[in-house]
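Student: What follows is the residue order along each chain.
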Amino acid sequence: MSFAFLRAYRFSKLDTPIHRLDPRTKLLMSVVFAVLGITTLDPVEIAALLIIQLLILSVSKSLSLWFRSLRALVFFLALILVTQALTTGDPVQSAFFALRFIVVASATSWFFFTTSPEDMGRALEQVGISADVALSFTLSMRFIPVIAEEFQSVFDAQRARGLETSKGSLVDRMNSLLPLLVPLFVGVIRRTYEIADALELRGYGALKTRTRWKVLRFRRADLAVVLALVALSACALLHRVGFPLPEFFTLRISL
Amino acid sequence: MTRIDATNVHFSYEPSSEVLRGVSISVPAGASMSIMGPNGSGKTTLVKMFNGLLLPTTGRVTVDDIDTKSTTISQLSKKVGVIFQSPEKNFFSETVRDEIAFGPKNMGFTADEVNAVVDDVSGKFGLRNYLTANPFDLSGGEKRRLSMASVLAWKPDVIVLDEPTIGLDYQYRVFLIDLIRDLRKEGKSIVTVTHDIDFALQTSERTALLSEGCVVWQGDVTSLLRSPEAFERANLIQTFLASLCHDLLESGAPERSFAPVDVGSLLGEV
Amino acid sequence: MRFGKWPTQGMAKESVVSLKDVSFTYQGSSKPALRRVNLDLGAGEFVLVTGPSGSGKTSLARLITGLIPNSYPGEISGEAKVFGESIVGSKVHTVAQKAGLVLQNPENQLFALTVEDDVAFGPENLALPMDEIVKRVDWSLAMTGLEDQRHRPPFELSGGYQQRAAIAGVLAMKPKLLVLDEPTSSLDSLAARNFVKFLTRLCSEIGATVLVIEQRLELFYTVSDRLVVIEDGSSVVDAPPLPALDQCLTNKLPVNYPFSYLFWKRYGSTTKHGAKKPLPEPSEYVKPILQRRGDRIDPH
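Protein chains in written order, with the numbering used here: chain A, 17 to 271; chain B, -7 to 262; chain C, 17 to 316.
Some hints could be false.
Cut-off 30 angstroms, straight-line C-alpha distance, at most; resulting in silico cross-link-like pairs (DSSO-like, lysine-lysine) [claimed, not checked]:
id	chain 1	residue 1	chain 2	residue 2
1	A	LYS29	C	LYS151
2	B	LYS177	B	LYS97
3	A	LYS224	C	LYS114
4	A	LYS230	C	LYS190
5	B	LYS177	C	LYS107
6	B	LYS116	B	LYS147
7	B	LYS135	B	LYS147
8	B	LYS116	C	LYS268
9	B	LYS116	B	LYS97
10	C	LYS114	A	LYS230
11	B	LYS135	B	LYS61
12	A	LYS224	C	LYS107
13	A	LYS230	C	LYS151
14	B	LYS40	A	LYS183
15	A	LYS183	B	LYS81
16	B	LYS97	B	LYS147
17	C	LYS47	B	LYS116
18	B	LYS135	C	LYS47
19	C	LYS47	A	LYS224
20	A	LYS183	B	LYS97
21	A	LYS230	C	LYS192
22	C	LYS190	A	LYS224
23	C	LYS151	A	LYS224
24	C	LYS47	B	LYS81
25	B	LYS135	C	LYS268
26	B	LYS81	B	LYS147
27	A	LYS224	C	LYS97
28	C	LYS107	A	LYS230
29	C	LYS190	C	LYS268
30	B	LYS61	A	LYS183
31	A	LYS183	B	LYS147
32	B	LYS116	B	LYS61
33	B	LYS81	B	LYS177
Hints listed in this document are in silico derivations from the structure and should not be mistaken for laboratory results.
With the sequences and hints as input, model every part of the structure.
Tutor: And the structure:
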């Protein structure tokens, strides 16, 4: 059993302008792109958003990572194209919806590729999310590989007792999950008790506020990006409101 | 009687790092063997080859001359029962009976056969009064006995214990040593994978030392006790017991008292 | 090598742990986990605690470090004091700055995504000023030899390093008493031996009092001041290691008797009375043990 799909959104430690940005800025970028992507009906806008995204990805040297992550989207893309073919048969419209899906789904990709997990946790904390939630987030990320390994052990041990997971009727296969899930859940719950003890022993929750020993700092590059995002949103807004533009730019989708 | 042979096995989890680098090892029928080595030497990876959980990247592993690549894990597990670390973490049934019956049922035993083995094995491990109890309600010692019973229920010929001594107290250690002796009397092969040299000395006649994916020594325990430099090659320490046995052997103590080492008679006799 | 030496008389011993007739039953349980336990630890002592599984050793560790009765409610009786202050009514985080507990599984004590962030976690929770946190992190990492690993995620560390990282995290709270629950259970024999050296060096450097719960007595009994055996929730033996093991043998207690001790027991006294056969030349393990009889206080 390979957990390769977990690697789809993995952080890689490089030194690019994007990597150096404050994670909160990157989070904002993702939000802006996702919102613009969802609310548009204009193929030109979508194309523009996609091109800008590809530029960002190439600057952060994550293009190949992104390409591999598209594999996870293949099923939904196919679904979209098939539905479009059955309803309208319009190739431009199909392309539009497919591209829009890619743009929105990829809006968070560079955030994950260029932000270390510890910075992600810090970003959440400093954006105003409570320390408890931010800690839950960090703990989840910290323990994902551990739980994956635990699952592998249970899987090995039960197979060594003759468990078959890929034979028989659907009911048989569902039953074969029980010897895997019960030990896994019990193990995870036991672990959380130990983790809770350990957190207490390190003083978590003792005082109302805690110091942060590493603080994220907004820099000039971040300001530049934020301004660029504002400009981008402004253009998009004007474009939609119908500001007079050369006819080429007013190719709209009719629903 | 089942024998296992591994010939020139190479294995990597990831393309960049090889875990097993040309391991050749034999578990003869009816053997009592230990595979010793520090953490990370590849011991657990090696025994996962014995029941087909892992297949060699290159090289061959055969169980009774059947290549593990040509058969399934369930088929191999019928002959080779592997008990991993902390087996009590793998309980999932509502009753002790169901937990013991799980293995045999998977192996294709009939309902009558299942009842027979459950009865037999629960008696041997003192669990007969607990058959309707919930496995999670058992005490620590009872849980460990249940996990042993669950694997021994289908009576495999070869029993592999992967690091059985981790976190053990004295009582469980004694229980294990006695269990291994009983299983040997029944003619089963026992393979103990461990870094606990004293335990290995007390429970095996043959041993293989594994270090960084290579077998650095293979042979009788008695010969190993005579050549303690092998311990260093395998990144293991020569324990007090091992050095004591070495001294005794060198000064002429009879070899028959050393494989496996019986501490009681050793300290009493000399 | 300490080997059953009591601090010499005349030197006032600061009482680190003082348990008098302490009993504790977990809420919802019918059997007491601790039954009239008596234990005294003095400053600078290195005490080894052992006993069968489920005998109450972990409960004892939780009591000394404040988890019992604050995180684990239940019925408690008797007097339990750490550094002169009662455990009952103290908050866990207050006790944690005096008595640090390193739990059995180091993985579950490493929370952050890099080692240095994890070591900083404790001080952050105590709301210490930033420069103090930085100082403590650097100090803990230096003490545990983890400076090269500071940016690595805990998942990638080997067992031995994970163990040290867990200890570093506890050290950052600057406790004066360190309690370790079966620290070598996940280590192989070589790593375990290195761990003992590391622990003894660390504790003498920072002047901490240490309580180690262990099954592998052969690793620790030559470096401990005392051996305490817990059975059924009570301390049944409490003495320097050799007399303690003698008591265990007499009472046939289920502990992992070190082979070196058994050998010494068998042969240590026969040199006086004459052996049946000529003894083999003792190896380097046996010699110091046979010699040690000379400088012990009571001729056993």
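Student: Run every hint past the structure and note whether it holds.
Tutor: Each hint, compared with the structure:
no., hint, in the structure
1, A:LYS29 - C:LYS151, "26 angstroms, holds"
2, B:LYS177 - B:LYS97, "26 angstroms, holds"
3, A:LYS224 - C:LYS114, "21 angstroms, holds"
4, A:LYS230 - C:LYS190, "21 angstroms, holds"
5, B:LYS177 - C:LYS107, "57 angstroms, violated"
6, B:LYS116 - B:LYS147, "13 angstroms, holds"
7, B:LYS135 - B:LYS147, "19 angstroms, holds"
8, B:LYS116 - C:LYS268, "26 angstroms, holds"
9, B:LYS116 - B:LYS97, "20 angstroms, holds"
10, C:LYS114 - A:LYS230, "26 angstroms, holds"
11, B:LYS135 - B:LYS61, "34 angstroms, violated"
12, A:LYS224 - C:LYS107, "14 angstroms, holds"
13, A:LYS230 - C:LYS151, "13 angstroms, holds"
14, B:LYS40 - A:LYS183, "22 angstroms, holds"
15, A:LYS183 - B:LYS81, "25 angstroms, holds"
16, B:LYS97 - B:LYS147, "13 angstroms, holds"
17, C:LYS47 - B:LYS116, "28 angstroms, holds"
18, B:LYS135 - C:LYS47, "19 angstroms, holds"
19, C:LYS47 - A:LYS224, "37 angstroms, violated"
20, A:LYS183 - B:LYS97, "15 angstroms, holds"
21, A:LYS230 - C:LYS192, "27 angstroms, holds"
22, C:LYS190 - A:LYS224, "21 angstroms, holds"
23, C:LYS151 - A:LYS224, "23 angstroms, holds"
24, C:LYS47 - B:LYS81, "24 angstroms, holds"
25, B:LYS135 - C:LYS268, "25 angstroms, holds"
26, B:LYS81 - B:LYS147, "21 angstroms, holds"
27, A:LYS224 - C:LYS97, "27 angstroms, holds"
28, C:LYS107 - A:LYS230, "27 angstroms, holds"
29, C:LYS190 - C:LYS268, "40 angstroms, violated"
30, B:LYS61 - A:LYS183, "18 angstroms, holds"
31, A:LYS183 - B:LYS147, "24 angstroms, holds"
32, B:LYS116 - B:LYS61, "35 angstroms, violated"
33, B:LYS81 - B:LYS177, "29 angstroms, holds"
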